[in-house]
Amino acid sequence: MYVELKNITKTFQDYKASDNVSFGIEKGKLIGLLGPSGSGKTTILRMIAGLEQPDSGDIFINGERVNDIPASKRGIGFVFQSYALFRYMDVFDNIAFGLEIQKKNKKEIKDRVLELIKLIGLEGLEHRYPNQLSGGQRQRVAFARALAPNPQLLLLDEPFAAIDAKVRQELRSWLKEMISRVGITSIFVTHDQDEAIEVADEIIITNQGRVDQMGSPLEIYKKPGTPFVAQFIGQSSIVEDYSSLVGFDKVESMNQAIIRPEFIRIAKRGELKQYLSAAEEGVVESIAFRGNNLEVKVQVNGQNFTATRSLEKESIQVGEEVDVLIYRLYVFDEDRTYLLENKAMKDDNPVFI
Amino acid sequence: MSIKQDSVDLKKGAKITKTVLITVSLLFVIIMLVIPMLILIVYAFKDGFTKYIEAITDTYTIKALRLTIIATITAVAINTFFGLFAAWAVTKFYFKGKQLLLTLIDIPFAVSPVIAGLIFILTFGRIGWAHGFLEAHDIQIVFAVPGVIIATIFVTFPFISREIIPVLNAQGKDEEEAAALMGASGFRIFRKITLPHMKWALLYGIVLCSARAMGEFGAVSVLSGHLRGKTNTLPLHVEIIYNEFKLSAAFAVSSILVVLAVIILILRNIVEYKAKKGGR
Amino acid sequence: MEYKLKRIKRRRVIPGFPLSMGITLAMVSMIVLIPMASIIICASDLSLQEFIQIVTAKDVVSGYVVSFSCALIAAIINCIFGVILAWVLVRYEFPGKRFLDGLIELPFALPTAVAGISLTALYSDQGWIGGIFAKFGIKIAYTKVGITIAMIFIGIPFVVRAIQPVLEKFDPQYEEAASMLGANGSRTFFRVIFPEILPAMLTGFGLALARGIGEYGSVVFIAGNIPYKTQIAPLLIMSKLEQLKYTDATAIALVMLVVSFLILLLLNIIQVHATKRTT
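Chains as they are written, first to last, in full-length UniProt numbering: chain A, 1 to 353; chain B, 1 to 280; chain C, 1 to 279.
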């Protein structure tokens, strides 16, 4: 493990920002710390950087305990959410700042800064001031400034939060490519699951100061470890009374279930050729156009589900009676989740999605 | 009446309001601020130009001017030193009791100058608890130059920190954290990152502080003991000659202070203008 | 203990906390806190009875009344003209506006003693303005009117400078919206704009009032210091000091400090309420 946190606890007044947090990160990986706001993800990042001190627990970087090493000696590059570019220095001086502190000679500094400016594609703008740059350009400068002193670990706090939606998409792929080209171990914080899934090699999900789950995006999506993760990832609706649905039996102590839109198929009467016995009857409540598909809300026995339907298929109307086939759902209690398949479908052909 | 007529009426009404309000403002400023200035100049030259020169080149006037300048420079230097450290402590760190500290810094604003003088009499004067110590070491503060300087420092104490603190608060501490993370020393962070942000606010504070310091009357009056040529500042000197019914001389000496005040006002406006322009 | 110290030391990322905090606390203690404490130390030598006797003496009470009543009237007048001036400076364009704006600060820059003798010369019976009123038998200098005028002079910048930034930030769209709804000029002002500037005006009012109560230099000349009539409280302290009655001076000062503090506290509470309503 290159970066390791062991039993980290941190409290601000009466707010528990980190509650016995432990995890490890391999060298060279790009990690996304994902969680809702207030879940303690930024605190974890700031503690790794040394901007905050844990109340208890140990932080290791490259095998060395760094709790007592000041932030400036940890060899970390940090990209702030607001970028914190030095407003009274131009692009060149911003990037050169860390190198000047290391007392590199002038030639060396100039070479390295120009190399980085080339890397981030801002040649010719080295004498602009931060307020003369666009949001995306500022982020690139912040990235270059953090990389300049050759850190072993790069930390990014909500790197895309301050950028408008259009540029954000472009910057995501840019950042992912940059980081893999430089080959530096990186951790970034985000509250946007799409961002985490798209950019990160591995995702750590935080919730109320704890780490709920760590794994590859696909793993987390397919096997949510906790009820929170199951709800947080994907677009989920909660089912209070799942055992009343066809094909699902009550599991001991598991009172609630979560269904994702992709777990449900909505079919016009007569459209379903098999599994009819495994389907429920429902009424369409509302239909919304979501760009590349339709979001359909149906009511089944007094419970509401959200599903999607392809635009290619025959259209349905609000108030229409439809067949609702539920392939699977997650059942959960306080701290466990299980994937439950529709039993009634097993009688026929193998599962398909 | 048509809608058009209505809006014309409205505009006419607004124009009348504008004219009335501007006239009221001008009258107020002229009567309250401009005429007192004018009368000062007229009275200063009442007994002729030679008398004027005589009054402002009087030995005691020169000595008083010198003391005023010394007290002002000392107060500005000490309060700048304090203001920079206080602003750094208050805006870059979190600690308990910050609000209390800010209130304590502001106390001299709320205290009458006469009371400001009184507290130093009660501390260093004959009945003061520090008197024994001062006497043993042969230090004189009350009715001496140090007293004048201390009084000036007290009344202008919050001027500079109060100008810088809001500016640094608005700036946040991200930039300083970023620099500290790269290993920059405190002095380097201050000089390269914080100082450029607050330089205009600092200058503005220095200008205000100088204005108040050179004009301070009440507190200095309590502590100086009015020893002509020794502990008299320029405003105190004005009082003395005024009370001797040398009206024209009093106004002549005042005119020196007016010139200084006008210079300060001009500087203030330049600084404000530059700060607005340079606020990128 | 050593462990704890170390912890505190390394919690801060930005350097310089112990140094800057140390210097700040040391200087605040030396220049403000310890000298201010001397008042309490000195006052504690008095018994309650003595204290009451001093501060209820006839000349002392009349001093308080003169200082507080004149400062109050001056602060109210300053609020009226302060709003008008701030409005004119923010909303209208006219030749000489910048000059007018700069002049507002004159009472800050001008030494109080100089202001005091100028105002006295202007409003005395032989003065330019005082002379006009004297013809009708109205005296200004050496009366409470004179004291109030001096307090208006030193208080006006506080009110104008408090209101100006608020008006600058105030979006004219609100006024436009109000006038679209058919409100006339004065209605728009009192219902829409005035509530917005009220908290700032109260701040200015409080500062002007506090300054007026404590003011010495600009008032003492025009007051004339007629016992029981135009003797202001700071002057009483001054004369007690000249008579070397230190404890008397301290008692009078203590009452002034407490009352000023209560006024500021009260205004603060009103202000918090006023801001709550609008945000």
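Think of the hints as simulated: they come from the structure by calculation, not from any bench.
Hints may be right or wrong, so weigh each one.
[To be verified] Each pair of labels, with its calculated beta carbon distance range:
#: 1; chain 1: A; residue 1: H127; chain 2: B; residue 2: G172; range: 35 to 43 Å
#: 2; chain 1: A; residue 1: D14; chain 2: C; residue 2: I269; range: 24 to 32 Å
#: 3; chain 1: B; residue 1: L227; chain 2: A; residue 2: H127; range: 24 to 32 Å
#: 4; chain 1: C; residue 1: E176; chain 2: B; residue 2: K12; range: 17 to 25 Å
#: 5; chain 1: C; residue 1: I132; chain 2: B; residue 2: F133; range: 54 to 62 Å
#: 6; chain 1: A; residue 1: T9; chain 2: C; residue 2: V55; range: 33 to 41 Å
#: 7; chain 1: C; residue 1: L266; chain 2: B; residue 2: V42; range: 42 to 50 Å
#: 8; chain 1: C; residue 1: E176; chain 2: A; residue 2: T9; range: 48 to 56 Å
#: 9; chain 1: C; residue 1: V272; chain 2: B; residue 2: K12; range: 39 to 47 Å
#: 10; chain 1: B; residue 1: I266; chain 2: C; residue 2: K135; range: 52 to 60 Å
[Said to hold, decoys possible] One-sided and incomplete, this derived list gives chain B residues near chain C with beta-carbon spacing under 10 Å:
#: 11; residue: G132
#: 12; residue: S185
#: 13; residue: P196
#: 14; residue: W200
#: 15; residue: L203
#: 16; residue: I263
Each residue gets a CB set at the ideal place from its N, CA and C atoms; glycine is no exception.
Here's how the hints hold up against the structure:
no., hint, result
1, A:H127 x B:G172: 35 to 43 Å, "violated (25 Å)"
2, A:D14 x C:I269: 24 to 32 Å, "holds (28 Å)"
3, B:L227 x A:H127: 24 to 32 Å, "violated (60 Å)"
4, C:E176 x B:K12: 17 to 25 Å, "holds (18 Å)"
5, C:I132 x B:F133: 54 to 62 Å, "holds (57 Å)"
6, A:T9 x C:V55: 33 to 41 Å, "violated (57 Å)"
7, C:L266 x B:V42: 42 to 50 Å, "holds (43 Å)"
8, C:E176 x A:T9: 48 to 56 Å, "holds (55 Å)"
9, C:V272 x B:K12: 39 to 47 Å, "holds (41 Å)"
10, B:I266 x C:K135: 52 to 60 Å, "violated (39 Å)"
11, G132, "violated (14 Å)"
12, S185, "holds (7 Å)"
13, P196, "violated (16 Å)"
14, W200, "violated (16 Å)"
15, L203, "violated (15 Å)"
16, I263, "holds (9 Å)"
Checked against the numbered hints above, the structure breaks hints 1, 3, 6, 10, 11, 13, 14 and 15 and satisfies the rest.
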